[in-house]
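Chemist: Residues per chain, in single letters:
Number of protein chains: 2
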Amino acid sequence: MDFKTEFKPLTVQPQEIEGKSFEIITEELGEHPFTEQQYPIVQRIIHASADFELGRSLVFHKDAIEAGIKSIREGRTVVADVQMIQAGVSKERLERFGGGVKVFISDPDVMEEAKRLNTTRAIISMRKAIKEADGGIYAIGNAPTALLELIRLVKEGEARPGLIIGMPVGFVSAAESKDELRKLDIPFITNIGRKGGSTIVVSAINAISIMAAAQK
Amino acid sequence: MDFKTEFKPLTVQPQEIEGKSFEIITEELGEHPFTEQQYPIVQRIIHASADFELGRSLVFHKDAIEAGIKSIREGRTVVADVQMIQAGVSKERLERFGGGVKVFISDPDVMEEAKRLNTTRAIISMRKAIKEADGGIYAIGNAPTALLELIRLVKEGEARPGLIIGMPVGFVSAAESKDELRKLDIPFITNIGRKGGSTIVVSAINAISIMAAAQK
Chain A
1 MDFKTEFKPL TVQPQEIEGK SFEIITEELG EHPFTEQQYP IVQRIIHASA
51 DFELGRSLVF HKDAIEAGIK SIREGRTVVA DVQMIQAGVS KERLERFGGG
101 VKVFISDPDV MEEAKRLNTT RAIISMRKAI KEADGGIYAI GNAPTALLEL
151 IRLVKEGEAR PGLIIGMPVG FVSAAESKDE LRKLDIPFIT NIGRKGGSTI
201 VVSAINAISI MAAAQK
Chain B
1 MDFKTEFKPL TVQPQEIEGK SFEIITEELG EHPFTEQQYP IVQRIIHASA
51 DFELGRSLVF HKDAIEAGIK SIREGRTVVA DVQMIQAGVS KERLERFGGG
101 VKVFISDPDV MEEAKRLNTT RAIISMRKAI KEADGGIYAI GNAPTALLEL
151 IRLVKEGEAR PGLIIGMPVG FVSAAESKDE LRKLDIPFIT NIGRKGGSTI
201 VVSAINAISI MAAAQK
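Protein chains in written order, with our numbering: chain A, 1 to 216; chain B, 1 to 216.
Next comes chain A alone, as it looks inside the complex (with noise of 0.2 Å):
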């Protein structure tokens, strides 16, 4: 097509605004209790957030980088719940070691099913997960009945995820659904509160996937 429009900058290198933000973050947050490892987590999360609150109120196990870095590696599904999830992560990096993006809540027979039971979809798209991408990242921004219902597959045995990526925003369960996963013992990053969503995971999923990519 033609750009008749004539170019003016404003104030434009991509690679530029990124490292400016990323320079701020680190002035302003100041002192942390984060990990080296961890860090890069925290700080794409605020940069897509503009909210330092939440990156504080981030809560990482002691194997979730790892087990993130492993299950990239080895090209497994990661799962979200929602579609916003799937749009926003750089799919590149993923498919470069064979994994994608898989996310089930529209699939008609989750719907079916979820309208038969009279329950969420994000409850049956957990159950659908489970049985199609086991091992693989989990991640849930949205839904607190899709985080509800993994922790109580996983406390039943059926379900074993790499990792366990939960940030639902809301008020109704949300905060809850959290305080149970950080008690569970298999790999997770989640957040303490109300606040999460899709942004939220997209960057920790992105943030994550550049670290598997820069290791040798």
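All the given hints hold, so there is nothing to weed out.
Repeated chains share a single entry, so a pair holds when one copy, or any two copies, can fit it.
Okay, derived cross-link-like pairs now, DSS-like style, lysine-lysine, Cα gap no bigger than 30 Å in a straight line:
id: 1; residue 1: K91; residue 2: K102
id: 2; residue 1: K20; residue 2: K115
id: 3; residue 1: K20; residue 2: K183
id: 4; residue 1: K20; residue 2: K155
id: 5; residue 1: K102; residue 2: K155
id: 6; residue 1: K216; residue 2: K20
Honestly, the hints are just simulated from the structure, not real lab data. This structure is a prediction, so every number in the text was calculated from the model and none was measured.
Fit chain B to the known structure of chain A by using the hints.
Modeler: For chain B alone, coordinates are given in the frame of chain A:
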């Protein structure tokens, strides 16, 4: 497929969860400066962010909501800066009026032109958008450069959006781009400060499309 896992109820009727969340929001928000017409948008944004500060920072041009409803009912395109917005918006209500969501940022010609000019794809995507979809809603949740470029195009008389939803997030130019948007006398919805993001913008679009669908 076979959902072998036995059903075990959690919280879980979808409508109940949303209703209960909205009650909590109204109670905790208390007094606020928003009109009856603006409030459903504020409420849905708080619902998607669990962030009352962000909710309180919203600013509406006086014609914003009427313009948004009109745009949707006329079936005009919603232009978004990133795919996450396209993935998150409830398409069914837009399609009922003949509309939909378009994103140009990953178009090959946009990527090529951005590279050639050493600028952001977001900027070039706005230049393409005004040629392909002028007059609808422009929804920007990620890239301040997209919003700044759109503002420039409006000022120079090259674009006449029906409504700008401008809530990019970030540390470089995000707050400033919103300051510029608030100076325009065309319909806009924005917020003060660095916060924003795709999930917030999606909430605003969905709230307006619910109003559009409810109108006789």
